[in-house]
Amino acid sequence: MSSTPVFRTIVRAGLLLALAIAVVGGVVGWLVVGSTGLVGALLGAVVAAVLVTMTAASILFANRFQDTPGYVTTFFAIVLGGWVLKFVIFIVLVLTLSGQPWLDRTVFLLCIIAGVLVSLILDVVIVSRARIGNVSDVELPGQTTGRDEGNSIS
Amino acid sequence: MDATTVLAEISGNIATVGYGLAAIGPAIGVAIVVGKTIESIARQPELAGRLTVLMYIGIAFTEALAFIGIATGFIFV
Chain C
1 MSSTPVFRTI VRAGLLLALA IAVVGGVVGW LVVGSTGLVG ALLGAVVAAV
51 LVTMTAASIL FANRFQDTPG YVTTFFAIVL GGWVLKFVIF IVLVLTLSGQ
101 PWLDRTVFLL CIIAGVLVSL ILDVVIVSRA RIGNVSDVEL PGQTTGRDEG
151 NSIS
Chain S
155 MDATTVLAEI SGNIATVGYG LAAIGPAIGV AIVVGKTIES IARQPELAGR
205 LTVLMYIGIA FTEALAFIGI ATGFIFV
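In order, the protein sequence lines correspond to chains C and S. Each residue of the first sequence is one higher than the one before, counting from 1 in this note's numbering. Each residue of the second sequence is one higher than the one before, counting from 155 in this note's numbering.
By construction, these hints were calculated from the structure, which means they are not laboratory data. Please note: incorrect hints may appear among the correct ones.
To list a few chain C residues with every Cβ distance to chain S over 12 Å, as calculated [claimed, not checked]:
id : residue
1  : L16
2  : V23
3  : G26
4  : V28
5  : L31
6  : S35
7  : T36
8  : L42
9  : V46
10 : P101
11 : W102
Here are a few chain C residues that face chain S, going by a calculated C-beta distance under 7 Å [what the hints assert, rightly or not]:
id : residue
12 : M1
13 : S2
14 : S3
15 : V6
16 : V94
17 : S98
18 : T106
19 : L109
20 : I112
21 : I113
22 : V116
23 : L120
24 : V127
25 : I132
Everything numeric in this text was worked out from a predicted model, so none of it was measured. Backbone N, C-alpha and C fix where the C-beta goes; we use that ideal spot for every residue, glycine too.
Can you build the whole structure from these sequences, using the hints too?
What follows is the structure, given as structure tokens:
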């Protein structure tokens with residue numbers, strides 16, 4: 001699929017973003033709140049990493065079934081199923097973790113919101129820089145490989 | 155007990171109503187994004203790669219509203 005390099009870059013950028021949030025949020029949380037703020041920021045960064053990368057990762061995984069007959073059904077089942085799963089994970093984690101005494105709830109949630117917002121900016125930048133051919137997924141008779149060739153991100 | 159209390163009595167945390175409210179808009183939004191992507195891929199299957207990238211951006215922006223809505227409910231509790 002011609003979109004595979006774009007989604008790989010999005011997943012990579014999301015993981016780097018979570019790392020940056022862990023560092024910045026951890027330092028700020030430690031200075032402002034103390035050790036509970038540090039734990040909140042680190043857990044918030046982990047949750048942000050899951051939330052930010054899960055959709056792109058699910059599309060990457062779903063694209064592996066491109067050559068199967070029920071590709072479109074499988075694709076949307078995986079992507080939208082992953083989307084629902086993401087929200088269930090998010091709500092369960094927030095419900096269980098936000099009441100814990102060893103974690104600062106505000107820092108935890110602010111780290112998640114910061115991760116989601118900054119990831120939007122990253123996504124737009126990555127997609128606007130991506131080079132995807134207009135008709136790159138066409139397969140000519142007798143041609144079986146070469147779909148991912150010629151697509152790159154500048 | 156006056157009429158207002160009888161008609162609109164709520165006990166517990168009002169933020170729980172916020173989860174539902176925060177989910178309505180993004181649910182409709184993502185449904186439109188995905189539905190239109192399916193339509194587009196059905197019309198032009200060779201554009202599937204481009205369309206899924208655009209669909210991803212649409213989903214990302216729409217679901218951000220849900221995350222912020224649900225998370226702020228917990229922050230301001």
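Next on the checklist: Are any of the numbered hints broken by this structure? If so, which, sorted upward?
Outcome noted: Nothing - there is no hint that the structure violates, so all of them hold.
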